[in-house]
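K.L.:
So the protein lines, in turn, are chains A and B. With the numbering used here, you'll find the first sequence wraps up at 391, consecutive numbering, no jumps. With the numbering used here, you'll find the second sequence wraps up at 391, consecutive numbering, no jumps.
Because the hints were derived from the structure by calculation, they are not lab data. Careful: at least some of the hints might be erroneous.
Unchecked claim - Reference excerpt, derived from the structure (chain A facing chain B, CB under 10 angstroms, subset only): (1) Ala121; (2) Ala125; (3) Ala126; (4) Ala283; (5) Glu287; (6) Leu288; (7) Arg371.
Ideal Cβ positions, reconstructed from N, Cα and C, are used throughout, including at glycine.
Listed below, chain by chain, are the residues.
There are 2 protein chains.
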Amino acid sequence: MASGPRKKYLLAPGPTPVPAEVLLRMAAPTIHHRTPEFEAIVATVRDQLKQVWQTSQDVVTLASSGTGAMEASIVNTLSPGDAILCVNGGKFGERWMKMGKTFGLNVEELKVEWGKAVDPAAIEAALKKRPEIRAVLVQASETSTTVLHPVEQIASVTRARDTLLMVDGITAVGVTDMPMDRWGIDVLVSGSQKAFMLPPGLAFIAFSERAWKATESAKLPRFYFDLRRERDNLHKNTTAYTPAINLIYGLNQALDMILAEGLPNLFARFARLGDAMRAGVRAMGLELVAPDAPSPAVTGVFTPAGIDSGALQKYLRNQLGVEVAGGQDQFKGKILRLAHLGFSDTFDIVTCIAALEFGLAKFQHDVPFGRGVGAAQAVLATGLPAAVAKS
Amino acid sequence: MASGPRKKYLLAPGPTPVPAEVLLRMAAPTIHHRTPEFEAIVATVRDQLKQVWQTSQDVVTLASSGTGAMEASIVNTLSPGDAILCVNGGKFGERWMKMGKTFGLNVEELKVEWGKAVDPAAIEAALKKRPEIRAVLVQASETSTTVLHPVEQIASVTRARDTLLMVDGITAVGVTDMPMDRWGIDVLVSGSQKAFMLPPGLAFIAFSERAWKATESAKLPRFYFDLRRERDNLHKNTTAYTPAINLIYGLNQALDMILAEGLPNLFARFARLGDAMRAGVRAMGLELVAPDAPSPAVTGVFTPAGIDSGALQKYLRNQLGVEVAGGQDQFKGKILRLAHLGFSDTFDIVTCIAALEFGLAKFQHDVPFGRGVGAAQAVLATGLPAAVAKS
């Protein structure tokens, strides 16, 4: 304790900080889930999620991590041997591929350079070449490379075809505008520990009309993740299996907060925080991982030559209490990932950039203190209201 | 909610932020106080407080604000008509005076310019002139003017005389070295909502041997604040009246954390945070209120000409969620007071200085973003360990 940090700052792209209001709500006594009391909460949350998904369809809440909802996307809509196209531009794109292969699908890979967004024309070309492809699977925000893929444009390709678009929106829903119905997304999934300001443990999934139709002919076996059963229960304001009761309390509280802020304000906040974070790291002379298509949820930055990003990450964690993410696979040791989603605001960016300045100084990298912070502040200040001279 | 701040930062000199560990400990079920279970907690806390007070005497815990402990100092040791010398260099010095007059004491005022520390020679001169003065009453840290008075030197004057030294250590005990026994302080009081990382509601008071002796002849009436009764009970690991049970749980937890860090580390931390805060505001071109004798708990700073500190304070609170204190009386509208005690560390200083930069910019005061923050960071960095190159 003597020399360690006293406060902890969660600035990784999930889990993200949980507000006290949500923690307190989750601390309420666990009630039984087959009661009118709990069903009223389920009904409220069901309506709230539809607003966030911007859909008239049901949004099903699962007791699982986001990966569970990814699996539910596949097993509910496809049959063994079906061809799918996976956009593989990072660790989570890879996960779609592994999952497809595990379930015996015919997986076509669309490889994308790490740090770049997929070109919708490449998707269109692949679908023209193989019209039998039943689904395109992509991340909205590829958290491993901090890239935002152009979902709207991809949807304009898939919705004109008999091809489902399945979007892993785990670090995108509630972060940036992703109007499911308007764009024509067929499957949109997310998880509780990202924009939803909750601990991990819940996943969310919505299907378009044609995705629901696909469930009727899909032959892949599913039991826990059978969404038809969940939908039937949802219409009775309940769940097929035991729900994560206290997380659902917290979800209700978090959605109250999200909807009180309003989606446009929420999206503008994360856009501004992302702009500020990128301005801060650029002012420090650091190179962005995804300068052309940056995620609004997380900023990737290359550490200077000679500084192992893993060592820097550990310094920030152990000496400053600041938890950021490092890089994976080809980015291991090379990048840091700095989050700005969920319960994140002005001083989280200031803290993150200041922490980076402290860390780089301790690794003998010469950046004047305050240069990155000042550049971030200049952007953050644009989001602050003017002062009224008289109090 | 749309435009307001989402997070709140308590950077005023009390109440100070309460760590989650303390909040959770206080959330335990309230037990009865006349039980072996609660008495064990009282016994532990009694020993812990003696370590913090650096005394072999008892430290009594009262269910009151700090003002209650100030009153207990007077009513337990003095009699109507007794002469006392009050160091009046701020709002809390004034309080000693008002209290003395309320209880019919013969109050001699030693006026000190706001922002300056008292000169121990002036105290010595006053005591030489009026040897009948029974007690000298002073603040260690005068929170209203952000001054640290020289308690050690004052004690060297009083301990050679038949004069008690009563020290309001409300924002000093647990912040800076104040060894009661070694220096010869006769009465040392504090409150829970400062260095003790607790909500308000508890006050602490310790008497020297000769202060306890004075209780025998003191004629001022006292009942709730009768410390002899409290001491008798304390030796039976209980309290005279109903204790603030859950606050005592929290106190136990907070003292565990304080003693695990160790007093020398704790004092060094606040000294460094204060140095950084002062470096930050000076780099912004702002003038310190108490440059010669700055409190290690709180930094006072004059706002630039034309900027009402109350308006700036409200901007920080309402637009940034940052709670700092303004000025009182002659300092009203002129100063801000920025705290660095209790559950305070590196990024609280960064946040506070960044908030000031945002606020001043919005009041059209031209300071480049990052200048103050950078100067504070340069000081804060000295307290951070070196990086080990390999993770």
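K.L.:
Would you pick out the hints that fail for this structure and give their numbers low to high?
P.N.:
Hints 1, 2, 3, 5 and 6 contradicted; others consistent.
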